[in-house]
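From first to last, the protein sequence lines are chains A and B.
Residue 13 is where the first sequence starts when you use this note's numbering, and the numbers rise one by one after that.
Residue 167 is where the second sequence starts when you use this note's numbering, and the numbers rise one by one after that.
To be clear, the hints were calculated from the coordinates, so they are not data collected in a lab.
Since the model is a prediction, treat every value here as computed from it, not as a measurement.
Everything hinted at is true.
To give an idea of the interface, some chain B residues facing chain A are shown, with a C-beta separation under 10 Å as derived from the structure:
1. Asn224
2. Phe227
3. Gly287
4. Phe393
5. Glu448
C-beta: ideal position from N, C-alpha, C; glycine also.
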Amino acid sequence: MAERGEADFNDILDDWFIESLKTYKDLHVYQLEHPTQVIEWTSGKTVCVAGYSSSKNEIIELQLPLKLFAEENKGLCAERDFKVVHGGFTESPVRCLRHVPGTRCVVTNDGLTSDLQVWTVGGDDSDVIRRTGSVAGRKTRRKKSDSEGGSRIAARHSSQVLHGAQSDDIQLTQLTSGQILYTPEITSSDPLSSLQFVSDDVFLAGCCNGNVYIADTRASASPQLSPAPPGESVLWWTDAAAGASSGSFIRVSSSGLAEISDLRNPGAAVSRAQLSVQSRRCNPGDVTVSWAPALNDCIAVSGFSGLVQIYNTSGWGAELQEVQPLFEHRGHAVSSQSDEGDVFATSQLWHPERPRTLLSAASDGSVHVWDWVDQSDADR
Amino acid sequence: MMCIKQIFSRTHRLKVGQVLGAAFTSSRCFHGEQQVSRESSALPIIHHSRYVCDLPPNHRFPMGKFPRVLHFLIKDQVITEEQVWVPEIASKELLSCVHTEEYLNDFFNGKINEQEQRRTGFPWSEGIVRRCRYETGGTVLAAEVALQRGLACSTAGGTHHAFPSYGSGYCLLNDLAVAAKYLMGVSSHKRKILIVDLDVHQGDGTAFIFKEEPCVFTFSVHCGKNFPLHKQQSDLDISLDDGMEDKEYLSTVETHLPLLLETFRPDLVLYDAGVDPHWEDELGRLRLTDQGLYQRDLYVMKTVVSRGVPVAAVIGGGYSRDDDKLALRHSILHRAATQVWRDCGM
Chain A
13 MAERGEADFN DILDDWFIES LKTYKDLHVY QLEHPTQVIE WTSGKTVCVA GYSSSKNEII
73 ELQLPLKLFA EENKGLCAER DFKVVHGGFT ESPVRCLRHV PGTRCVVTND GLTSDLQVWT
133 VGGDDSDVIR RTGSVAGRKT RRKKSDSEGG SRIAARHSSQ VLHGAQSDDI QLTQLTSGQI
193 LYTPEITSSD PLSSLQFVSD DVFLAGCCNG NVYIADTRAS ASPQLSPAPP GESVLWWTDA
253 AAGASSGSFI RVSSSGLAEI SDLRNPGAAV SRAQLSVQSR RCNPGDVTVS WAPALNDCIA
313 VSGFSGLVQI YNTSGWGAEL QEVQPLFEHR GHAVSSQSDE GDVFATSQLW HPERPRTLLS
373 AASDGSVHVW DWVDQSDADR
Chain B
167 MMCIKQIFSR THRLKVGQVL GAAFTSSRCF HGEQQVSRES SALPIIHHSR YVCDLPPNHR
227 FPMGKFPRVL HFLIKDQVIT EEQVWVPEIA SKELLSCVHT EEYLNDFFNG KINEQEQRRT
287 GFPWSEGIVR RCRYETGGTV LAAEVALQRG LACSTAGGTH HAFPSYGSGY CLLNDLAVAA
347 KYLMGVSSHK RKILIVDLDV HQGDGTAFIF KEEPCVFTFS VHCGKNFPLH KQQSDLDISL
407 DDGMEDKEYL STVETHLPLL LETFRPDLVL YDAGVDPHWE DELGRLRLTD QGLYQRDLYV
467 MKTVVSRGVP VAAVIGGGYS RDDDKLALRH SILHRAATQV WRDCGM
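Using the sequences and the hints given, assemble the complete structure.
Given below as structure tokens:
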């Protein structure tokens, strides 16, 4: 009976609500009309998300519930909902989205070509996100049949954007002039899974095959290569710590193997672990791994299922061991009414300052912001 | 959205104060710890120091609010210690008029499994069992005293999410249901009880318990989007949209209460004056102010009392990380009741 089904589902949601009172300091949920694969901070209280369907998609700037930030007087703030503050449309999917620091611009890539689209968010009392430019990707395809694949993007000061789809077509472009400022000397052509600045001038290029290049935009010397961990060829995702665990970078494979290395000695692995994830057939864009900016040694992982997991890596050793997550956000899995089978977490993002606050999105269009309680922490 | 479940019949209405028959124990023998004749002719306040128990550190439930409600009422000279009646702990026998034997045994003996505990929001402990029994005893005593004096308020109560065989949403025993069932009696002249539940969460447990009972009318005004999402069917449910403010809220209550009193003709009203419709409440999604809560409580109690119907009030739900602020908000009920006591020359 349809009625009973709804009652049962409501029961599940009610159970989850009561449980969440204990497991979270704050939890706010929002439902997008279409799911997003990207979440990016555009200010201290706003994020940008965008759809990834094959046809028309929305790009939306969301303001987080202000209640989340009302530290002293939680109750005083009635604003407990997300709010759409700016919006725009794009004809293609959005597979990568980055905010250009110090500006009201975001840069996107559709996952199909290596070209970037530049957008301006609002301005002049407008609530529109409009297309204001583009950046051509470097095309080094030798064979026309090679698909370019999507570009990864990293943005830094002075409106400079680092982008590329493969390890041999990375370039640093000045957005305002279109001038290409730097290209690393990399000859191998590995599809990229991430590009990331770890300091003003040093960046990491994580490849899908597990290779990681470390380069300095000031130096003309070839970038350092940290080769992929040995083993069967799988997909790898990389993240470098810029905040709390600065100096480390982590690689996670599609079978849940995780390896941490030090930027100063990238050839060797410092520690490793087997994460508690269901390994599944992944696409390059499925998994997100990120270091906590304000919580030592912690990483967040999503994309293997509907869960977002937090791991504390401080206990990991050189010998491979199975590890359990410090915390699991079950919200997307529990509250999904998806008819198309299981729901998957598509992305997660740490708050830059609040140690345990994250945003997460899932394939059913849900977007959550949550501040979890560390159960092992008796005297907070 | 309104649902009136049944058309109530006009049974013979019993006048307050009339001797009601052998089924009831002597009106002097309350479920109170001290059987002294009360010198105080002021508003009866029902309170027990054991309304509280220890909870794990950082537990979300604002247990600290219970003693603080009394503290502020005395400090602000709204009441004196002499007005305080102390309830007995609710016996298993008393509780069994609503709860199943099996649940009570498991509950008393700590046999509530992990999953069931999770749904209640409380880890089991002997302390929690004891405090829930005192709280229920308090509501029963409030109802008994109200029958004699016309008006009484507890400094706890309103655990309306408890079902006969399980607890839910910070409620382990249904105090309003136990009080209603007990005061209803078993004779051919059953009392009629109207439960007015203005907590922001639907009184789902109470609605379920009295679904088939014509002598108890359950009336709940709540926010549709608040817990529980799986709603039961009260005799009258008013489901409100998010964000409603004082004026519209009060108007909603004013639309329904007099009509219910007129048609159902209760012999006793049990009033759940939950403060979680307040805009500062962490869980509630409405926007009432302190003034709005005061006007609401004043309106409900005055309307009932001026028709000669006794009313027993409980504090209901409220959620805040600041126990003192929350306790002050709960004390609005007792301040309004004091005003009613004065205005109605009780």
